[in-house]
Structures are given as structure tokens and as C-alpha cells.
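Taken in sequence, the protein lines are chains A and B.
Going by the working numbering, the first sequence opens with residue 578, and the numbers climb by one from there.
Going by the working numbering, the second sequence opens with residue 120, and the numbers climb by one from there.
Be aware that a few hints might be false.
[To be verified] Quick partial rundown of chain B residues pointing at chain A, CB under 7 Å, derived from the structure:
#1 Ile166
#2 Ser272
#3 Glu274
#4 Ala363
#5 Leu389
#6 Ser391
#7 Gly487
Keep in mind the hints are simulated off the structure, nothing from the lab.
Just so we're clear, the structure is a prediction, and the values are computed from it rather than from any experiment.
C-beta: ideal position from N, C-alpha, C; glycine also.
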Amino acid sequence: MQTMQFALSPFSVALAGETDFAGWRNAARKLALNDISPQAVTWVIDTNAADEDKTLPEAPDTTSLNVPRSFVTRAESVICHRDSERFALLYRLLWRLRREPKLLEIASDPDVRRFEAMEKAVGRDMHKMRAFVRFRRIETSNGEHFVAWFEPSHFIVERNAPFFVRRFTGMCWTILTPCASASWNGETLSIGPGASKTDTPAEDAAEDLWQTYFRNIFNPARLKVQAMQKEMPKKYWRNLPEAALIPDLIAGADEAAKEMIARTPTQPAAHHAKVQALHWPATDAHADNEDGNYTSLDAMRNAAISCRRCPLWRDATQTVFGNGPPDAELMFVGEQPGDQEDIAGKAFVGPAGKVFDAILTDAGIDRQKTYVTNAVKHFKFEPRGKRRIHSRPNAGEVQACRWWLDKELALVNPRLVVALGATAALSLLGKSIAVTKMRGEVVERIDGLRVFLTIHPSFILRIPDEAQKEAERRRFLNDMRAVKKLMA
Amino acid sequence: MATLTLREKLAILSDAAKYDASCASSGSVKRDSLKSGGIGSTEGMGICHSYAPDGRCISLLKILLTNFCIYDCSYCINRSSSNVPRARFSIDDVVRLTMDFYRRNYIEGLFLSSGVIRSPDQTMGEMVEVARRLRLEEKFGGYIHLKTIPECSAELIERAGLYADRLSINIELPTDESVKKLAPEKKPETIRLSMAKLRAKIEEKAEPTLRTKTRERFAPGGQSTQMIVGADKTSDDGILKTSARLYGSYQLRRVYYSAFSPIPDSSSALPSQKPPLLREHRLYQADWLMRFYGFGQGEILQGTADGMLDLAIDPKLAWALRNRGQFPVDVNRASREMLLRVPGLGTKVVDRILQTRRHRRLRLEDVGRLSKSIAKLRPFITAEGWSPGAMTDMAALRQTIVRSCEQLALF
């Protein structure tokens, strides 16, 4: 047999072990640099092999071997696969990569597909080992020690051991498998030979609690055995303490589910009436003051929390009511709260609010002395993934919310109101106004209230051109200076 | 009351927790115990340590601190009028169980929820104390998910976020009306406000502090929520609308859908039937379409009569059948966005197609090898040497695909 292989393949590489990546890499490098075809190489495992295989041609000094870095890291994983063809496949890929540097990106290539499938299988096996290892606690002369028995499908123990070190740093443990073992004493990791199941402790007191948990977290009304087995194949069951319960749980599920459904509702539990009386005393139904005769802003703000005058409350977080001293002489009315305002529950705290604040400061107006509110008090938006896109409130919504604005005006009774943007103007004046044309003007309502018209500060934010943005900011600042003058 | 053993308490308080769907232990920061010398790690991807015969993974020790509760939500097994046996863990019990299970590699961490006893702050305070002790006294580096009680104080939320990987608040039901009807003591307004506060806190803490320029730890795994499906009459379109609103408004990592399951000692206000598992599955698929496939919520059920997802086929296939004018799509030329809309092509396969086609033209067989659902996607693509011809517009296409997929079906 040996001689026949030799006859077919002039080069035979002996690797020191199932996962001897360094040996494979060293040999593959020499072979590839000498352009030796994959058909001419066989790969065998011989634990007694000499450190350096002298039968291979030396790598020429003149050429270098360049392969994508990702190939090397992925090959380290693939070499853990149980398939004895893996060494040959990896060499074939390496050899082909010299001619086709982008080979690994071609998902339809059969060698690449096999490489990916092996990589996936190893990854899955490592993941399942992390999931299904079950430690049992024993007492030793050095204190407690945790021992597990696991049967992996591939040669992954050494590769996977650092995970268990990172996770179980503070305890001493040993994982035994048929082909290798890993052991951690709290300071160093050691990899040893394979073992047998009889080397592991037979029981652990915690398993009874774990089974109790497994039995009770299961919902018999949702029986989906296939879904379970897809992720937890039967081959793992023999080493999982909880799996012993599975057949009985399945067998009893139908009965248990039927019983759950059939059990008729009973009388409320004895303590129920007491709980209700203590924690949920009957209160008067919330009185929505339809007359709107609020005597203070606070009373009005409280009433507005549960406002249902238009459907916008449905999607918004909360009513964002106006804010400021009840005797403010100057009132600002914006359009509606935005994303940030909806979350914070305060008007003008988002990006437009920051622009607004900065310009007020520049104009010498103290925001703390003004009353700031919006024409519409719930945020109207369209969800787009993780964001919310502002939508303009329609005339009906503005009309519905005017009920509140009118009452704010009546209670605060300011000398001047600034309408920020078209929606505010619509609400305050009852008709559409072209604010860009009429900005800076003061309109007097029939009731004598003076309304200063200007744009909404968010308009400034939306201008992409920096120079134009600065010009618009200056215009708005001039408007605010005019307002300041009007208040003097 | 007779004293219960730890085992008896565990039986009652895990049975009480099984109606919570979430079990995710992923999406947090990378963390290990090498420095602390303690126990526990999170490495991005969560690990499912076991599976129950209901097909659900067991990743976390999912328990209630207590199932005593002052609320009377008709869909909940722990409502105050229910006759289930009651139990209460001590803080010590939970810490010990978590560590004992974790050391044996049964779990990734703890998902602690609770019935509300006495006051929201008292209950939340005990849950936070469990998390604090695990982190500081046990040097526990595993995953902690705390179910937040909406009415609790801001200070407790802050401390919860310091120790937990994820916080969640259940929206319970898709509409405020349903919450009012089935959970009369719960306040949908408060639930929204609590989610808003959590989002604000998470965003605030994500900013480096002025003084130390470091980020303070606050729930690195974000927030999630759960909605019960099938306890009220809300359509799938209504449910997805609520999800889209929640994702957009509060930056939720996940919305979990929980098919309403009949509970022992059920309230007469609710349907007594098997949980709508297939509907739940389709909702998750639709949720994925919104989050990873670029579908707007409105598109998913546009053109359906009842706003319900087709139970026989997945929502992407259903959408494609209703929008055949957009197909076939050329796999060798189409944009990523359009490839993502082809039934049977997942995000990973699409990325492989995009990568491969830079070097080679793809044939139908190539796509078939990548995707494993060739029958489903064949009518919707053109490839080198393949055109579906009149197949895309065939009246019986839905039937043909359903039949050819039946052997491979998930259910």
C-alpha cells in the first residue's frame, strides 16, 4: 500500500498529528514554491515523524508565497475537520490561489464550496461544544474541580479550549473527550490525551435542579420536536443530563396541553379582592375638563397628558406641552415636537431647539423668561427602520390642537407671539400664510393679539450649503433682534 | 404557608416565566474573566445551551423573583386572581442558582423578571440587588437581562443599566385599547414613557463623559420588548405597525412576538385554543423583512384583503407574488436592494452572489447551491442560461411553489 502510494505520488508528507497546522504549512509552502502539483502529493499522519521532512525540496529564496491572510486563518480552522482529505484540499486551494488570487470569493467553485462547508462544520462543532459541555463538580484534595465528558465530531478540543479559559477562569476544570483533553488549574491550560467516559464523575447534585428547570420551562402547548432536534441532535443527548426527560415530556405534552385548555376558569384566588382593594382603589373616571376652564398652566398640562382630540397620540410617546413662566410677555409657537422632544417631553430640545437657543442668546433674549410651545402637541412621524421621519401635521390636526393653544394664550396672555413657521401661523391666524414672504411682519388679530411671523429654525438646519446656511441664520437672528426691539 | 424547598420554588417560578419569549444572550459587549479571575464571558454571539421539546432554546436561566403580583392581567398566569401556587425566591436563592448553573455550563446567564409585589420600586430594587451581587460579589461576567418594571424610579433604572446587559419592558399587547381591556391596571402611557426614558439613558451613556472621556456602562445589549399575539383581535398589519413604531421610536434591539398560549386557570376573557405558532413564525419573518431586507412596514401586507400574513407561504414570497411586475431579477446585474427582495435569497446568500459575480457569471445551478430553495426562487430570477419565461406570471405559481416546498417545509 505504502509503496503504491509512493508510485502514484512522488511526495508524501508526514504530519505530526491531526491538527498539525505548522507542519502542514511548512510543507505546503515548500511544495507550492516549487510548483509541485497537488496530484503529486499525499498527506499522512505519523506521530513518530521526524521534525523536519528532508524529502521535500527546499523553498527557493527568490520567490515568495503570497496568499490572502484570511486563507491562513480559515485553513487553521479547516484543519480541525475529521475528513482525511482536508490536507490535500487545503494544498490544492493554496496551489490554485497562486494562479487565481480571488479564488476564495468564487462561491460557486467546488473546492471553495467544500472548504466553506468544512469550515462551517468545524465552526458548528465548536459552537455545539461550547453549548453542550456539562461540568460535574467533584471535591479533590485541592478543593473543588469541575469535570466534563464531551464527544466532538472534529478535532476541536485544543482550538476551543481558550474559550473555556476565558469563561471559566475562576475555577479548575477538565474537559475529557475521546481524542484529547483540556485542563485548567486556574493558571495554566494543558492539553492531554483522549480519555473515556468512565473517567468522568457519574453525577452532580445540581443536575436535579437543572432537570427541574428544564421540565418547567417547557410549554407543552407549543410542542415542536423537530425544531428542537434540528438544533440539539440526538447524538448529543447521551451526555446531556436534561435530555433524559425529553421522551416523557413529549409523550405527556398533548395531554398536558389539553388539560391546560380544558381547565375551566375558577373563582378568583382568595387574596385577589384584598389586593384589589389595597392597590387599585376605585377612582373617579378621569374628568376631561371639556369646558377648558383651567385656572393654571399646570392643571392644563395635566389634562393634556391624556388628550385624544386627534389620532396623533396613538404613535407618539407623550403630549409635549408648552413651557415657561405663566406671566411671560413673549411667547414662541413652533410646529410640533420632533424625535428628541417626543422622548424628553419638552419643547425645543432637539437639533432645531439648539439652533433656536443659540440664536436667542445672540439676540439677547432670555428663553427662561419666554413661553415656548407648539401648534401641535404630539409628534407626527413615519417610522423608517431605526429612525422616525417627521411628517407635517394636517389642517385637521392643527385645528384640533388649537383648542390647547388658545387656552395657553388666554392664560399666559403675552404681549407678542412669534409664529415659527407656516404651521404656527396657520394655527394662530386661522389661515395659510406664506411665511417666507411675510417674515418679519407683525399681524394683529381681531382680538388684538400681535403675531410676529418668521420661519421655523429647523429650516436653517435643512440647508446643505454652509454659506447659505450662515446667511439664513443671520436673517433669523435679525428677526429675533426685531422681536427684542418690539418688546422693549 | 409551608416553607417551600429550593427545588419547589424553582419549579413554580420557572413555570411562571415560560411565557416570556426572549432568550437572547447576544448583542452585548465582549467580556471575559481573564482579568477578574471570576466566572463568565460574553463574546457577541449568544449560545443556546439546550432546547426544550417546544423547540425554544434555553440560553438563560429564565425565572421570576416571585409570582405574587398585584396586577390582574387576564392573559397572565400570575395575575392576582389566578389560583396558581405562589412562591418567592430570596436574593440569595437566585444568585446561588445562577452561579451553580453557570459553573456547570448549563446557561449563558440570567433573565430575571418578577411579579410586582407591594410597590414597583421594592420589586425592582430586589432585582437590581441580584444583579449587583452577581457582578460585584460573585465577579460574574455572564449575561444578565432584567425585565424592568415600568413604574419604578429613575435611580433604580440607572443602577439596573449599570449591571445588566439588557433591559426590557413589555408592551404586552399591540394596541392601547387591548392593554386597557385585558390588563386594566397597566398604563400604556407609562410603558411608552419608560421605553423613551431607557432610550434617552442609553443614548446619554453612549456619549463619552466630559471628564474621563470614557463611556459609562449602561445596558450594552440595549432594550427589547414583547408583544402577545392572538389574545386580542389586532391584525398582523396592526401588529407590524406597532413594531415599526417601537423600532423607530425607542431603538429596540428586538420585538418578541409571543403566540398567546392557553394558561392553566385561564381567564374567561381569552381564547381557549392552541397557540398560533405558525402566525408567530410568520410575524418574525415579516419583522426580519423590516429590519434586514429593506422592506417598509406598509409594503409587507399591501394589497391583502384582511391585513393578515399568509400562513402557507413566507411573507417575502407572498409579497413577490403580489408584485410580479418587479420580477424576474437578473442575479448577475441587480442591485443588492432588489436581490434582497427575491424569495429564497437571504442576506448572506445575496452577499455571496455579489462577491462571486465580480469574477464569474452565475448560472441557475450556482444560485441553487448557495440558497437551497431553488424551487422558490427560480420563477423570480434570470441567470446565465436561465430565464423563467412565462413562469413568473403563471396563475398557478403560488400552488406550484407551495407544493414543491412542502417536502422541505420547516413545520
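Hint check:
no.	hint	in the structure
1	Ile166	holds (5 Å)
2	Ser272	violated (17 Å)
3	Glu274	violated (18 Å)
4	Ala363	holds (4 Å)
5	Leu389	violated (9 Å)
6	Ser391	holds (5 Å)
7	Gly487	violated (10 Å)
Hints 2, 3, 5, 7 from the earlier list are contradicted by this structure; the remaining hints agree with it.
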